[in-house]
Amino acid sequence: MQFHPESVATEYGYKIIENFNEITKKQSPYVKYKKYKSNIDDLTLFDTLHSLDKNIIWLDSSKIVKDDSRYSIFALSSKRGHILKYYSKDRRIEISGNINKTINQSIFDYMDDFLEKNKNDLNLPFSLGYVGYLGYELKGETLGSYNHNSNHPDAMFKFADRVVIKDHLTKELTLVYYSDDEFVLDNFIKKNIDFKNENLPSYYLEVEKKDYINDIKKCLKYIKEGESYEICLTNRLIIEESLEAIDYYKCLRAVSPSQYGALLLFDDFQICSSSMERFLKINSKNIVETKPIKGTLPRGKNKEEDEKLVQMLKNDERFHSENLMIVDLLRNDLGIICKKHSVKVTKLLDVETYKTLHQLVSTVEGELLDNSTIMDCIKATFPGGSMTGAPKKRTLEIIDRLEKSSRGIYSGAIGYFSLNKNVDLSIVIRTSVIEKDKTTIGVGGAIIDLSNPLEEYDEILLKASGSLNALKMYYSKK
Numbered sequence: 031m032q033f034h035p036e037s038v039a040t041e042y043g044y045k046i047i048e049n050f051n052e053i054t055k056k057q058s059p060y061v062k063y064k065k066y067k068s069n070i071d072d073l074t075l076f077d078t079l080h081s082l083d084k085n086i087i088w089l090d091s092s093k094i095v096k097d098d099s100r101y102s103i104f105a106l107s108s109k110r111g112h113i114l115k116y117y118s119k120d121r122r123i124e125i126s127g128n129i130n131k132t133i134n135q136s137i138f139d140y141m142d143d144f145l146e147k148n149k150n151d152l153n154l155p156f157s158l159g160y161v162g163y164l165g166y167e168l169k170g171e172t173l174g175s176y177n178h179n180s181n182h183p184d185a186m187f188k189f190a191d192r193v194v195i196k197d198h199l200t201k202e203l204t205l206v207y208y209s210d211d212e213f214v215l216d217n218f219i220k221k222n223i224d225f226k227n228e229n230l231p232s233y234y235l236e237v238e239k240k241d242y243i244n245d246i247k248k249c250l251k252y253i254k255e256g257e258s259y260e261i262c263l264t265n266r267l268i269i270e271e272s273l274e275a276i277d278y279y280k281c282l283r284a285v286s287p288s289q290y291g292a293l294l295l296f297d298d299f300q301i302c303s304s305s306m307e308r309f310l311k312i313n314s315k316n317i318v319e320t321k322p323i324k325g326t327l328p329r330g331k332n333k334e335e336d337e338k339l340v341q342m343l344k345n346d347e348r349f350h351s352e353n354l355m356i357v358d359l360l361r362n363d364l365g366i367i368c369k370k371h372s373v374k375v376t377k378l379l380d381v382e383t384y385k386t387l388h389q390l391v392s393t394v395e396g397e398l399l400d401n402s403t404i405m406d407c408i409k410a411t412f413p414g415g416s417m418t419g420a421p422k423k424r425t426l427e428i429i430d431r432l433e434k435s436s437r438g439i440y441s442g443a444i445g446y447f448s449l450n451k452n453v454d455l456s457i458v459i460r461t462s463v464i465e466k467d468k469t470t471i472g473v474g475g476a477i478i479d480l481s482n483p484l485e486e487y488d489e490i491l492l493k494a495s496g497s498l499n500a501l502k503m504y505y506s507k508k
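Counting in the working numbering, the sequence shown runs from 31 upward without gaps.
For the record, the hints were derived by calculation from the structure and aren't laboratory data. Small disclaimer: the values here were computed from a predicted structure and weren't measured. Fair warning: there could be bad hints in the mix.
Below, a list of computed lysine-lysine pairs in the PhoX-like style, where the Cα atoms sit at most 25 Å apart [as the list claims (entries may be wrong)]:
no.	residue 1	residue 2
1	K423	K369
2	K315	K451
3	K466	K409
4	K370	K344
5	K374	K344
6	K451	K96
7	K333	K96
8	K67	K201
9	K315	K338
10	K240	K468
11	K451	K147
12	K434	K374
13	K109	K62
14	K239	K311
15	K385	K149
16	K64	K84
17	K96	K67
18	K409	K369
19	K96	K502
20	K374	K247
21	K409	K149
22	K96	K409
23	K451	K374
24	K93	K331
25	K64	K109
26	K84	K131
27	K315	K247
28	K119	K65
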């Protein structure tokens, strides 16, 4: 049927349009999106969006890998925006912002309920939802015990009701927002970045070299006694100064680009992450994927040396043992929550090369059981096996004995839970947590029977090199 209310022969045309307008006003707000072709660079886009929301979160694919890290996501808040903080021991959720309330409920149950009530079926990687982190101490609810108290909430998320998605493959920008929110970006203005020029601040390892090596020896003793196959021991680099998070992150992504970079700007602290390890990806068809990393060597000084190091990584017995144990652990984790025969290793012992190092990566995927929810999957797999060891439950108990402080955000997960049931979470490695008086960078490595304590100590320094190189750039820029 075709109808022309504007025709000269139409009666009551104005009234029909008026009635139609009133009907649409009564419709519940829904999630919509629009696309733009744009060659805007990521830094300029971030500066523009940060001027709209000082607490913007940036999930950054600065290292582009086809079908793996295609999108960068910028999460903002408008009229529905709020911050969710979760304290696991008390099962307490605190929500503040446009909504203010306290809920006595597990975050796993809350997320399941919220995602179901607010679901949509938009064909986008992220169709609005929660963006933030799950802290390591949530293991008290999943598999381990509450051994340490974190200085930060055990989970913290921003509800993003405005999102900009940059597709690095098609060069498109997608703006996602609610229908009753006018989200327009017509002018992109590049801002000049003003870096400090000062001497580097002092920094130190929380567990000094002698004590850390002694802890590695204790791990080896547990392994020889059959208590564990692999123990992921961690340490923390403490920088005795707060940093300007945005400026530091721009340096970090320049010297250490990654598939799963992230900048989280909370009021009390900020998180700058250059992770290259996926914890879990779940799509709307209930396919779940995880990509553990175990095995790290530095880049060579030239092409020939670089290739020798790649071959060494491919053929080294210790690195293969580390990686295989975590692959089998994750196959077991996914086997609990996935359909029979659906769990597969699609890539095994694959070398990936980054700006400062080579790493050994595998990929495991499966299909969730029909009656399993997203949060059932998180509970079955958290914390990530590559940050704990195998067997997971007993190894978590050993880690609690050896480590003297909370890991907090480090070793947890950063990413999003989308209203269309897509989930993408990275493992929190290569990550700086910036507070008012200090900055901390978590470092660690997997200890197995073949481990050499001195080599393991050198490896944690290698893993900190990207963050430290970014620190040098941060202080040298004019």
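Evaluated hints:
Using a Cα cut-off of 25 Å, the hinted pair K423 and K369 holds, with the two alpha carbons roughly 23 Å apart. Distance hint between K315 and K451 is fulfilled; the C-alpha atoms sit about 9 Å from each other, no more than 25 Å. Distance restraint check for K466 and K409: the Cα-Cα separation of roughly 32 Å exceeds the 25 Å cut-off, and the hinted pair is therefore not satisfied. Under the criterion of a C-alpha separation no larger than 25 Å, the hint pairing K370 with K344 is inconsistent with the structure, at around 31 Å.
For the hint pairing K374 with K344, the CA-to-CA distance comes to about 21 Å; that is within 25 Å, so the pair holds. A threshold of 25 Å between alpha carbons decides the hint, and for K451 with K96 the separation of about 22 Å falls inside it, so the pair holds. As the CA atoms of K333 and K96 are separated by approximately 24 Å, the hinted pair is consistent with the 25 Å bound. For a cut-off of 25 Å, the pair hint linking K67 to K201 stands: about 6 Å separates their Cα positions.
For the suggested pair K315 and K338, the alpha carbons sit about 41 Å apart, so the restraint of at most 25 Å is broken. Proposed proximity of K240 and K468 is supported: the alpha carbons are some 24 Å apart, at most 25 Å. In summary, the hint linking K451 to K147 is supported, as the alpha carbons are separated by about 11 Å, within the 25 Å threshold. Annotation: proposed proximity of K434 to K374 is violated, straight-line Cα distance about 37 Å (limit 25 Å).
Restraint check: the Cα-Cα separation between K109 and K62 comes to about 15 Å, which is no more than 25 Å; the hinted pair holds. The straight-line distance between the Cα atoms of K239 and K311 is roughly 36 Å, outside the 25 Å bound, and the hint therefore fails. Taking the CA atoms of K385 and K149, the gap is about 39 Å. The hint is violated against a cut of 25 Å. With a CA separation close to 23 Å, the supplied pair K64 and K84 stays within the 25 Å bound.
Taking the CA atoms of K96 and K67, the gap is near 19 Å; set against the 25 Å cutoff, the hint holds. A distance of roughly 16 Å separates the Cα atoms of K409 and K369; the hinted pair therefore holds under the 25 Å criterion. Distance restraint check for K96 and K502: the Cα-Cα separation of roughly 31 Å exceeds the 25 Å cut-off, and the hinted pair is therefore not satisfied. Restraint check for K374 and K247: the C-alpha separation of about 35 Å exceeds 25 Å, so the hint is violated.
Restraint check for K409 and K149: the C-alpha separation of about 21 Å stays at or below 25 Å, so the hint holds. Between K96 and K409 the alpha-carbon distance is near 29 Å, which puts this suggested pair outside the 25 Å criterion. Restraint check for K451 and K374: the C-alpha separation of about 22 Å stays at or below 25 Å, so the hint holds. At most 25 Å may separate the alpha-carbon atoms for a hinted pair to count; K93 and K331 meet this at roughly 21 Å.
Restraint check for K64 and K109: the C-alpha separation of about 19 Å stays at or below 25 Å, so the hint holds. At roughly 23 Å between alpha-carbon atoms, K84 and K131 fall within 25 Å of each other, so this suggested pair holds. For the proposed pair K315 and K247, the alpha carbon gap of about 45 Å is over 25 Å, so the pair is violated. A C-alpha spacing of about 43 Å is found between K119 and K65, which places the hinted pair above 25 Å, so the restraint is violated.
When each numbered hint is compared with the structure, violations occur for hints 3, 4, 9, 12, 14, 15, 19, 20, 22, 27, 28.
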